[in-house]
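A.B. asks: Read top to bottom, the protein sequences are chains A and B. Quick note: the first sequence, position 11, residue 11 per UniProt numbering, numbers continuous. Quick note: the second sequence, position 26, residue 26 per UniProt numbering, numbers continuous.
Please note: incorrect hints may appear among the correct ones.
As the list claims (entries may be wrong) - With beta-carbon atoms standing in for the labels, derived distance ranges:
no., chain 1, residue 1, chain 2, residue 2, range
1, B, D236, A, A30, 45 to 55 Å
2, B, S103, A, A40, 39 to 49 Å
3, A, A88, B, Q237, 15 to 25 Å
4, B, G317, A, S78, 36 to 46 Å
By construction, these hints were calculated from the structure, which means they are not laboratory data. Fair warning: this is a prediction, and the values are worked out from it, not measured in the lab. Heads up, the beta-carbon is just placed ideally off N, CA and C, and yes, glycines get one too.
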Amino acid sequence: MHIQVKRTGGFVGATRRAEVDTSGRSDAEAWHSLAREALASGKGSERAGVPDGFHYEVTVDGHTVHFADPHLTDAQRSLVSKVLKEGA
Amino acid sequence: MDANHVFCGIVPPHMLDHLARSGSAAVADAARNALRMDAFHRERRLSAVAGAPPQPTVPGAGTPPDAAQRCAESVLRRTIGDAEHHQRLPGRVVRAEGQDAVSDEPVNRAYDGLGHTHRLYLDAFERDSIDDSGLALNATVHYSRHYDNAFWDGEQMVFGDGDGEVFNDFTISLDVIGHELTHGVTQYTANLDYSGQSGALNESMSDVFGSLVKQYALGQGAAEADWLIGEGLLTDQVQGVALRSMKAPGTAYDDDVLGKDPQPATMDDYVETTDDNGGVHINSGIPNHAFYLAATALGGNAWERAGRIWYDVLTGGKLATDADFASFAGLTAAAARARYGEGEEVQAVLDAWKQVGVPTGSEEGSAVVRQRSGTTAPTPTI
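With the rest of the complex left out, here is chain B (with noise of 0.2 Å):
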């Protein structure tokens, strides 16, 4: 089997790695057999999964390894270039699939950032790369000059090397590799307008997404999760922990040099501004703290429902361009609805857009859904 085929579960690794040392006979053999599938999903597992297992969680808490999904073959394909300090795209190739380690730490972060962000989106979402068609993953850093920024091109990812007094280097936090390529896998889906309400939902969508991956990298349930964005970016010379947190948005920092952290947590405190494309990196923190609130009332592993849920919205076909937070929030109820059925996933849901003052305006819609639904939805996953 080649190296690069790798096997997609719905068990992620550490709990199978979980149930290999601790299940019953006959489910610690499954989970062993599941574990030896691959060499590649072997190693992640080790270098991976840091700290006390996590607990499992629904809905694979009590699924047998053996009810793991065999994914389409996907092949992981990752190239890192070296911009060298100048604009040039993709740069000097330094380290593609499969080749060892180099000296250069930021290519080595990339290159296992794309790794672990494909992997979400495989395992949790049976998603293969950004496209779902197996789209080669690339990505240059030393990107210009003392550059204080990661931007997704429309093909690639960009890194900056930060400036050394602010900002370190953009490749040191792996939520912010996930979210880049979560744009591109926005581009792809729904392709929200970067403006205004739907552009503050494209940015969420590639905050939730990039601590998804983080989250799963570490294998930490909602509760133990920080849900920060680019923890560690921070220079010790600023006062702050991240860019922005989406449990407590509007604190992430408060430095002289780089200000205040802008972001709303409610619709009470949306910044109307023409910055920013319509303040899409502000007002973002309304609907990421609402993911937060449904993942966290939900528990467990976040990229389990809530997670899903939100993915459903994004690829479901009818989030429009244009969306605002009113219409992606009665989105997400419907969703909830249609995977889950009227139970505790729709009303967290519901629950977290009401904090966050966002109406999901879909009580007369989402009557209609459920109606329907009573005869055509599919069968809970738990």
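So that you can see chain A by itself, here it is in the shape it has in the complex (with noise of 0.2 Å):
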């Protein structure tokens, strides 16, 4: 699975990518579990954020989905987090 974040605005306005191909990894299974609950409840366009709030676009194997700050699911947290910390 191959899992893209791009976050763009908050009060930097800076934008931030990374990405995760899970294959080979030994914990690969944690991750398709969490880009699955994070996607089951995303949204398939931009939803309205708020002012300096994150937006982020998830890209999952080809799929993308936008969440916007402060809307996100504790999965979809998790996620975007755990991509941008741990992606390259």
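Since each chain sits alone in its own frame, please combine them into the complex, following the hints.
C.D. replies: Written as structure tokens, this is what we have:
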């Protein structure tokens, strides 16, 4: 599974990108499970955010969804944080 | 008198303080009386004014303190919540209005920051909280984990702790707190659309008044202010002094991890992008710099004339929700004329927009305003 996160906006206004390829990873199943849970509740189009809130574009194996702060589920928050922290 | 019943005057407290110490006997007496009127006011004066007293400037300079206006009663009501690293808002209440400081510094900084912001709006613009009707001010700290942001959610402020590597705690900069609350003021007034140029104006309003909150709290004039947004927010591992510079947009940071400050100072470098709602935090550099230029050309305290003109446009009812830079610029020139007549204020505003390459487009329009104002404009306050 290929998971990409692009984060835009925020107080700073800087764009951040990171991605994770789970193939061959020992924790692949945990990633898959988290990604499925996050996408299950994702909206397919840009959701209006709030001033200075982050916008997230998450693409999993070619399928893209958008999230905006502060309307993220715990799974969505966990996924974007994990990808931005551990991804390349 | 209730401790929250605040005295609101056109003469800032640090100026009263100065007059009380060094004015003529009558002026000093009046200043001392004004200072005695409210314990909260006095406490703030002692805590907020650091360093040398700023030079009094127009229009307050020669104004005797007894001319200070009594504002309508305004009650400051602050509540700080702790999200305890979850996404819950407003979180567990950890400090409410009037309660003592706690051991968690972000809580106290948020509490004090809300107070400083409330005070600028009340003292400088006679605005009673962000909705001008005494809205309670709420903020939540410790939002999520390692969260590199602060935002206004439509009802309250939210602060992350930062990741500790690039960003420190977002309560560190007073102007960031003023910035977020100003999103609330904009929401209740011009309600500028948060995309493209109107979005960049929305952002710029927050930077302008956020910076003024800090300048007012420190008693700094336009010449002394650093005009930085988010100073102290970057860790010492980052090459940079702040997140934005109104004085020199594009120069706040240049770092391997964070990249280079992308803000333009003039229309020549306007950035077309779909990210960041069309670059609202990027192109805000242009109106930010125009405000800086106007404020420093006028000198003195930036909240007095430049700030007043910008505030008049934000709250005057003529600014469209989808306004672009040029229409905003034209309105600032008209507002300068309406409040101060034909003089250095309108000239400073026109020069500022010219330097950043935004047409005021209003030489015809303002000529009409000028003719009309010749008979109906209020007497300039200076």
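A.B. asks: Now tell me if each hint is right for this structure.
C.D. replies: Checked hints:
1. B:D236 / A:A30: 45 to 55 Å: With Cβ atoms ~35 Å apart, the hint is violated.
2. B:S103 / A:A40: 39 to 49 Å: 41 Å Cβ-Cβ, so the 39 to 49 Å window holds.
3. A:A88 / B:Q237: 15 to 25 Å: holds, 20 Å
4. B:G317 / A:S78: 36 to 46 Å: 45 Å Cβ-Cβ, so the 36 to 46 Å window holds.
Hint compliance for this structure: hint 1 is the single one not met.
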